[in-house]
Amino acid sequence: HGIIQFRTGWADGPEFVTQCPIKPGGTYTYRFSVPNEEGTLWWHAHSSWLRATVFGGFIIRPKAGKPYPFLLPPQREFPVIL
Numbered sequence: 384h385g386i387i388q389f390r391t392g393w394a395d396g397p398e399f400v401t402q403c404p405i406k407p408g409g410t411y412t413y414r415f416s417v418p419n420e421e422g423t424l425w426w427h428a429h430s431s432w433l434r435a436t437v438f439g440g441f442i443i444r445p446k447a448g449k450p451y452p453f454l455l456p457p458q459r460e461f462p463v464i465l
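Just so you know, the sequence shown maps onto residues 384 to 465 in my numbering.
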């Protein structure tokens with residue numbers, strides 16, 4: 384949810400529903416394409432007490448050559464998570 388999952392729907396959603404849980408100490412690499420998305424999104428969990436947390440943000444910038452949706456592009460960016 385939040386990002387349109389094109390052919391990677393198993394990589395988005397709660398454990399045991401759309402994807403298998405990641406075991407403690409295990410790893411999982413998310414590989415997905417975002418051809419028509421841009422903006423700031425939040426990475427969070429859907430597992431027990433972890434669901435109330437935000438692990439970080441990631442920024443999808445406009446494609447090369449596509450202007451920012453503002454009059455002036457930002458000079459600097461500072462992602463802040465409170």
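Simulated from the structure, these hints should not be mistaken for lab results. Treat the hints with care, as some may be off.
[Unchecked claim] Simulated pairs of lysine to aspartate or glutamate, EDC-like, Cα-Cα distance not exceeding 20 Å:
id, residue 1, residue 2
1, LYS446, GLU421
2, LYS449, GLU460
3, LYS449, GLU420
4, LYS446, GLU420
Right, here's what the structure says about each hint:
1. LYS446 - GLU421: Distance of about 9 Å is within 20 Å: holds.
2. LYS449 - GLU460: Between LYS449 and GLU460 the Cα gap is close to 18 Å, so the pair holds against 20 Å.
3. LYS449 - GLU420: 12 Å, holds
4. LYS446 - GLU420: 9 Å, holds
Of the numbered hints stated above, none is contradicted by the structure.
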